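Q: Go ahead and model the full structure; you've got the sequences and the hints to work with.
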Amino acid sequence: MDAKPQPAPGFSLRSYHPEDLGAVYRICLETGDTGEDATHLYRDPELLGHLYAGPYVTLEPELAFVLEDAAGVCGYVLGARDSSAFYARLEAEWFPPLRARYPEPEGDPDTWTRDEHLITHLYTAPPQDEALFGRYPSHLHIDLLKRAQGRGNGRALMAALFAALRAQGSPGVHLGTSPQNVRAERFYRKLGFRELKREPPYTLVMGRGL
1 MDAKPQPAPG FSLRSYHPED LGAVYRICLE TGDTGEDATH LYRDPELLGH
51 LYAGPYVTLE PELAFVLEDA AGVCGYVLGA RDSSAFYARL EAEWFPPLRA
101 RYPEPEGDPD TWTRDEHLIT HLYTAPPQDE ALFGRYPSHL HIDLLKRAQG
151 RGNGRALMAA LFAALRAQGS PGVHLGTSPQ NVRAERFYRK LGFRELKREP
201 PYTLVMGRGL
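With the UniProt record's numbering, letter number 92 in the sequence shown gets 92, and the count goes up by one each step, no holes.
Because the hints were derived from the structure by calculation, they are not lab data. Check each hint, because a few of them may be wrong.
[Unchecked claim] With beta-carbon atoms standing in for the labels, derived distance ranges:
| id | residue 1 | residue 2 | range |
| --- | --- | --- | --- |
| 1 | P171 | A70 | 37 to 45 Å |
| 2 | P179 | D129 | 13 to 21 Å |
| 3 | P9 | P109 | 46 to 54 Å |
[As the list claims (entries may be wrong)] Listed next, the in silico BS3-like pairs over lysine-lysine satisfying Cα-Cα at most 30 Å (straight line):
| id | residue 1 | residue 2 |
| --- | --- | --- |
| 4 | K190 | K4 |
| 5 | K146 | K4 |
| 6 | K197 | K146 |
| 7 | K146 | K190 |
Note that this is a predicted model, so its numbers are computed, not measured. Where a beta carbon is used, it is the ideal one built from N, C-alpha and C, also for glycine.
A: Quick look at the structure:
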């Protein structure tokens, strides 16, 4: 990977600002169906953001970077330095107000809506994988809208996060992606990620040293 990859012409990369929150939530939703727009899948457009974007920009904003062009923010990368500590903060700080807002679904899961299936994640403690966290303690989420893809912007975002994680002393980072998202897997492999484990049918876990 180049020492300092730059965004494509017409795009700029910067640290996250609090006023970017709405755009970050929107991008999370518009890439939430294995990279495709998930707007039509959920009644509540904020649910995906509450799980996969909001806690990162709120709890570790120094590890959040956004990409923008003339039309506005069109991509982001979000990180957590210490996954165990981050998940503990989710349980203590992030989930309680959301649980008050979204009651835990009851009854037969086969009758639940997509929203209700997502809501259950607010009541489920993230897995603690000490073997994984020992070597790759940090983790990340990256999403770009279609207009920003395929132009080196993702590489530039990842480079910014890697530099920030190295500055905080992290030895490695991991991520989860859908095994069906072949394009994403190819992108991660080009950046030096390797497969660590598969958790069928939903998640491929990959990691790389820093």
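Q: None of the hints should be skipped; say for each whether it holds.
A: Verification of the hints:
{"no.": "1", "hint": "P171 - A70: 37 to 45 Å", "result": "38 Å, holds"}
{"no.": "2", "hint": "P179 - D129: 13 to 21 Å", "result": "18 Å, holds"}
{"no.": "3", "hint": "P9 - P109: 46 to 54 Å", "result": "48 Å, holds"}
{"no.": "4", "hint": "K190 - K4", "result": "16 Å, holds"}
{"no.": "5", "hint": "K146 - K4", "result": "23 Å, holds"}
{"no.": "6", "hint": "K197 - K146", "result": "28 Å, holds"}
{"no.": "7", "hint": "K146 - K190", "result": "19 Å, holds"}
Of the numbered hints given earlier, the model fails none.
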